[in-house]
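Visitor: Now for the letters of each chain:
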Amino acid sequence: MLNTTEALIRIVDLHKSYYDGEAELPVLQGVDLEVNMSELLAVIGASGVGKSTLLHIIGTLDRPTAGRVLYDEQDIFTWHDTELARFRNKEIGFVFQFHHLLPEFTALENVAMGALITTPNDKAVYEEAASLLEYVGLSERFSHYPSQLSGGERQRVAIARALINKPKVVLADEPTGNLDRRSSEAVLELLWDLNSKSGQTFVIVTHNQELAQKVDRVVQLVDGKIS
Amino acid sequence: MKFEWFVASRYLRSRRKQSFISIISIISIGGVALGVATVILVIAVLDGVEHGLKDRFLSNEAHVVLSLIDYGFFRDYQKRIKRIEALDDVVAASPAILTQTGVFRERTDAIQDVIVIKGIDPAQEDKVTGFSTYVDGSTDFLNSELIEKARLIRDETITGGIILGGRLAARLGIIKGDVLRLLIKIAEGPVHGALLPDLANFVVIGFYESEMEYYDNKLGLIHIDSAQKLYGVKERANSIFVRLTDAELAPRIATRIEDVAGFTVLEGMPHARTWMEAQAQLFWALRLEKIATIVIEALIIIVASFNIASTLIMTVMEKTKDVGTLRTLGSSRGNIMRIFMIQGSIIGMIGTILGTALGLSFCWLLSSNTARPAYWYAFVLAVPILLQIFIATQRVLPNKGGWKLAAWILLLVGVGFALYCLVRPISFVDLGLSQIYQMHQMPIKVNWLFVIFINALSLVICWFATLYPAWQAANLKPVEALQHE
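Chains as they are written, first to last, in numbering that gives the first Met the number 0: chain U, 0 to 226; chain Y, 0 to 484.
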């Protein structure tokens, strides 16, 4: 069992550089960060400073150039692709600035997708997906395709999708960045509610000052380091 | 695998804004289907020709022919026949005298043609070659009514009856009951030093109509007794024709026949020639043709499979962002790879099934001789079919599953009926090919084993075509894929 007082994620001296031919472009230059269980953490910083890169690496979508990410004291980048996939599937939920819903699938199918990858029992999965859609206030939109939904609705579907496997960590990259004020308030309400109810850990990358004020802890990324 | 099937089948049907993709899926399905259909049809025709020729050949000819190495005469052929007939897998054996002779009609004095004369024992011969089924007329060589009549009318001696190849008879202008003269040999006449032809008169008692060029155009059948008498070889024959239970056994049994036929000092070595040896060139040519065709047709399917590969590559490009999303949701590389492999394989499978159905339907249409509606029915139908396609594409019908299904079924029935009117057996007689192929119409023989083989081949080829695009999709970097526009 995870101990709530201990760090769920520990990032140790993380480096990430991009290469354009021979030229090295360093982005993260020795990030050290601990994320605690059930914490609502916001990462802020100027654009282009590497906030998204950090989030991608925590979510194992990208690999660091150097350094380690320990999840529950295990070095996740020593794992194989299938293990990483399983880790993303079970432990991590993603919410992006752009909804990234699959256009050929209905709202319900999009939400269910994460569970369908590993679970053969469709019926239970769809029931769970339906209750999640109800929770985010889209009970009328089950069989709509993403193109038939508004921007706020799509983002709420995306949040529901991130929650289908009850992940311990939800990683959100500018979740309200692309929404109008009303929609973005609704989305934020949802995030706070989730955090208080289910005790999930949230790491949110944002520009949004209002959002940053309402979290448990804010860290700032400056020049590739946590300041 | 369930998840991969779910995603792949949805991508295949994708008709939202990526309708382009489903159009090219349809085109690639069509490519595979056409490839498979042509292979099945062409091979069915080639098999049909081979089978037809073999059939005809085997029903006219013995499976094994025993003769002496110097083409001399067997002295006691009856004993040998008994020994041969005692062998396993031998149905019957019959003696014959094979020669070539010049022939001419009565009241002409120039040799009109040189033909093969086969002196046979009709009862035995029928057991071996079943020749009587091809005879139009009598097979009673010695006592037929026509012979009696000729003997009454003419003062010349009549040796017996002859059955002539139908087309040979037509060429010589001979009808049944006419007398044909055979030039047996040129002998010294009563006046010293003068050479005279030794002639024999035969009454034409029937025509041989086998549709095999060689027999119908070159052969005359007489009784073996007559032949023995004419050539002065009493109780002898120069060939023994053998029928087996299965023609394919010929090579194995031929050596056994040689063994039991036995070597004698007086006659020399007997040699058994199988029907395969006799027709080796023909069947070799057919086999070579078939191999070449299979290679070419496999290439057609490979070309069609390129369609699948390019369809998939385009799908992967279209779906790059989705691949990124699926990876964030926890799909492994294997999951992604399987999604696109399944999508490609489904295209291959549908194409193969449709192609098999199409090919077999054509085979059936080309071989079924039932009376068909006139050709113009098809064109009357073509109009509603085009209308149907128009309706289906323009979606005049209510956009509901049931209506669409009904429209497609109607379309299928329409196209089927139009083909039924248009595609019918191809007549070799009308095309003037009946003499070359020695058949009335283009033969079709579906070899089911080959159909299964070509299905498997097509599926394997299509499966291979999916590998590279699927691998490409699996190796997309999740972050880059997500940011792909």
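Think of the hints as simulated: they come from the structure by calculation, not from any bench. Among these hints, one or two may not hold up.
[To be verified] Chain Y regions said to be covered by chain U (calculated; three or more residues, Cβ under 8 Å): (1) 52-64; (2) 126-138; (3) 468-481.
[To be verified] Derived pair list, reagent style EDC-like, types lysine to aspartate or glutamate, alpha-carbon separation capped at 16 Å: (4) Y:Lys476 with U:Asp121; (5) Y:Lys476 with U:Asp61; (6) Y:Lys1 with U:Asp121; (7) Y:Lys289 with Y:Asp120; (8) Y:Lys53 with Y:Asp258.
C-beta: ideal position from N, C-alpha, C; glycine also.
Visitor: Run every hint past the structure and note whether it holds.
Guide: Hints, one by one, checked against the model:
1. With 0 residues having a beta carbon nearer than 8 Å to a beta carbon of chain U, the segment 52-64 of chain Y misses the requirement of three or more and the stated coverage is violated.
2. Check on the segment 126-138 of chain Y: 0 of its residues sit with their Cβ under 8 Å from a Cβ of chain U, so the three-residue criterion for coverage is violated.
3. Three residues within the 8 Å Cβ limit are the bar, and the segment 468-481 of chain Y against chain U gives 4, so the coverage statement holds.
4. With a C-alpha separation of about 29 Å, the suggested pair lysine 476 of chain Y and aspartate 121 of chain U falls outside the 16 Å cut-off, and the hint is violated.
5. At most 16 Å may separate the alpha-carbon atoms for a hinted pair to count; lysine 476 of chain Y and aspartate 61 of chain U meet this at roughly 8 Å.
6. Restraint check for lysine 1 of chain Y and aspartate 121 of chain U: satisfied, since their Cα atoms lie roughly 10 Å apart, inside the 16 Å limit.
7. Our distance criterion of 16 Å between C-alpha atoms is broken by lysine 289 of chain Y and aspartate 120 of chain Y, whose separation comes to about 39 Å.
8. For the hint pairing lysine 53 of chain Y with aspartate 258 of chain Y, the CA-to-CA distance comes to about 27 Å; that exceeds 16 Å, so the pair is violated.
The structure shown violates the earlier hints numbered 1, 2, 4, 7 and 8.
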